[in-house]
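Asks: Sequence:
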Amino acid sequence: MARAALVAASVCLGALLASCNIITPLTYAVDGPGQTDAEYTLPNKKTVVFVDDPRNILPRTALRTSIGDAVSFDLMGRELLTSTVATRDAIAIARAGSGGNANKLMSVEAVAHALDASQVIYIKPIIFDLAGRSDAQGLRPTATVFVKVLDIDAKMRMFPASDVMPDGRELSATIRESDPNILRTRAGRTQVEEELAKKLAIDIGRLFYKHDRIDLGENLGTRKQ
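Going by this note's numbering, the sequence shown opens with residue 19, and the numbers climb by one from there.
Just so you know, not all the hints are guaranteed correct.
[As the list claims (entries may be wrong)] Once the Cα atoms are required to be at most 25 Å apart in a straight line, the calculated SDA-like pairs of lysine to any residue come out as:
no.	residue 1	residue 2
1	K216	R106
2	K173	D185
3	K142	G52
Since the hints were made in silico from the structure, they are not lab data.
My request is simple: use the sequences and hints to build the entire structure.
Replies: Rendered as structure tokens:
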């Protein structure tokens, strides 16, 4: 009798443990991974997203426009900003102001004033590496930037605190590329550059609004072609 009770208890315990293993992923699937709050709430004022690349970290100048405009469109689409300046206009103003002289670059504040912008999201690339990082599932193209938010009217840096992050908020974005041979052609490299720039812009935008803590499926398997 005691042995039968012990067996029954073991079966019940096994069933309970099994149910726990089932409930956990089901709860995750239903409730999601949780969310991360915005690191900074942007005031809704005329804004220019300025990608400053004095060291030519980005392989193509066009990527500056791609990144800046993607950030602007994301924030406007979420109604966090109602007025932004095209990144290409900011780049054109900066070039015109320097007269082609790398030693006479316009300040970010001067560029903003010329565009009648009250706020600048300043992005400075420090790494844009397509092939230098990898894992067991392939290449991991990676980009790293510093991000700052400047209030032009108040003449202040609003984000991040300069005493905590003097260079700005460092942010890295990574994509998965399963086929290393794609980098052997110009078209392939261009494709990966654009995908990495897009992911970088998404991650920059997420600094300013609540979002899922992780991108479901981001690290599962190889990237689909």
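Asks: Hint by hint, note whether the structure agrees.
Replies: Here is what the structure says about each hint:
no.	hint	in the structure
1	K216 - R106	holds (16 Å)
2	K173 - D185	holds (17 Å)
3	K142 - G52	violated (30 Å)
The structure does not agree with numbered hint 3 stated previously, though it agrees with all others.
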